[in-house]
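Enquirer: Sequence:
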Amino acid sequence: MKISKYRNLEHFLRCQFYQDWLEEYGSEAEACRDYASQVENADIQAVIDDLDHLLKEAADDSDLKEKLTRLGAMVDFPPSGINPSAWLANIRNDLQEECVRRRSLSGDGPNPFMRFIYTVIKLLPNPTPIDVLTFTFAMEYFSLNRTEVPRAVRGAVLRQQHPLGVLVIQVFLDEKNNIIFKSDNTPYGRRLLATRLDDELDQWFENHDLLIVNGSKTVIS
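For the sequence shown, counting from 1, position 120 maps to 120 in the working numbering; every step adds exactly one.
Hints in this document: simulated from the structure, not taken from any laboratory. We treat Cβ as the ideally placed atom computed from N, Cα and C, and that holds for glycine. Take the hints with a grain of salt, since some may be wrong.
[What the hints assert, rightly or not] Straight line, CA to CA, 27 Å or less: simulated DSSO-like cross-link-like pairs of lysine-lysine: (1) K56 - K5; (2) K5 - K67; (3) K56 - K67; (4) K65 - K5.
[What the hints assert, rightly or not] Beta-carbon label-pair distances, calculated as ranges: (5) M74 - K176: 44 to 50 Å; (6) E200 - D76: 38 to 44 Å; (7) A42 - D199: 33 to 39 Å; (8) I82 - D131: 16 to 22 Å; (9) Q19 - V153: 15 to 21 Å; (10) T147 - E23: 41 to 47 Å; (11) V153 - I130: 41 to 47 Å; (12) D199 - D60: 28 to 34 Å.
Just need the whole structure built from these sequences, with the hints factored in.
Expert: Structural data, given as structure tokens:
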């Protein structure tokens, strides 16, 4: 592997994931947030592109760990109990969320409801891996759990592209389309990391990334 082909990623890793990074930031998300505060969106996207290429190039987690070490990442795996590929995928997601957040603050991004969902994504538990996410499995989550969520009237399903497939976020909404939170200020919902969506769910999304589910489909683009 030619290190020079990953110049942006190397700079990011050496600046943010040095020997005392965990003591300095406390989490990968904070390290990404700090980096994003110092650079332009184009720089963040360049790191994301490098991450995508590296994830595709690595033969396995052992190979990926070696490449990360050569690029300057001082990380003892598994951090947070996950393997190198999952760790890098989470880093990519954190950086992507920073891009979305910054575009939304500048007015060049998703509508207000989409912006709000992006702000609560990180409050949900880590994504649960799943092979194929079916329409039935996604909709059953709302029907089976709705009675346990106070004021729940409908649900929202958001999809995001992810290096390992598709990240799907599901949350419950009240009658005014506000996300419903628990007493500990975390939302009622879940994150799933699917290899792919089945045809029925994919067709429901059409060309949009957000569905509002209330018996019949409403799409907010």
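Enquirer: Next step is simple, just say for each hint if it's right about the structure.
Expert: Outcome of the hint check:
Taking the CA atoms of K56 and K5, the gap is near 14 Å; set against the 27 Å cutoff, the hint holds. Distance restraint check for K5 and K67: the Cα-Cα separation of roughly 12 Å lies within the 27 Å cut-off, and the hinted pair is therefore satisfied. The suggested pairing of K56 with K67 holds, with an alpha-carbon distance near 12 Å, which does not exceed 27 Å. Distance hint between K65 and K5 is fulfilled; the C-alpha atoms sit about 17 Å from each other, no more than 27 Å.
A hinted range of 44 to 50 Å holds for the C-beta pair M74 and K176, which are about 47 Å apart. Checked against the given bound of 38 to 44 Å, the beta carbons of E200 and D76, roughly 43 Å apart, stay inside it. Taken as a hint, the range 33 to 39 Å holds for the pair A42 and D199, whose Cβ atoms sit roughly 36 Å apart. Taking 16 to 22 Å as the suggested C-beta distance range, the pair I82 and D131 conforms, at roughly 18 Å.
Against the hinted window of 15 to 21 Å, the Cβ-Cβ separation of Q19 and V153 comes to about 50 Å, which falls outside the hint. Range check, T147 to E23: Cβ separation about 44 Å, and the 41 to 47 Å hint holds. Between V153 and I130 the beta carbons are some 26 Å apart, a value that contradicts the proposed interval 41 to 47 Å. Between D199 and D60 the beta carbon distance is about 30 Å. The supplied range of 28 to 34 Å therefore holds.
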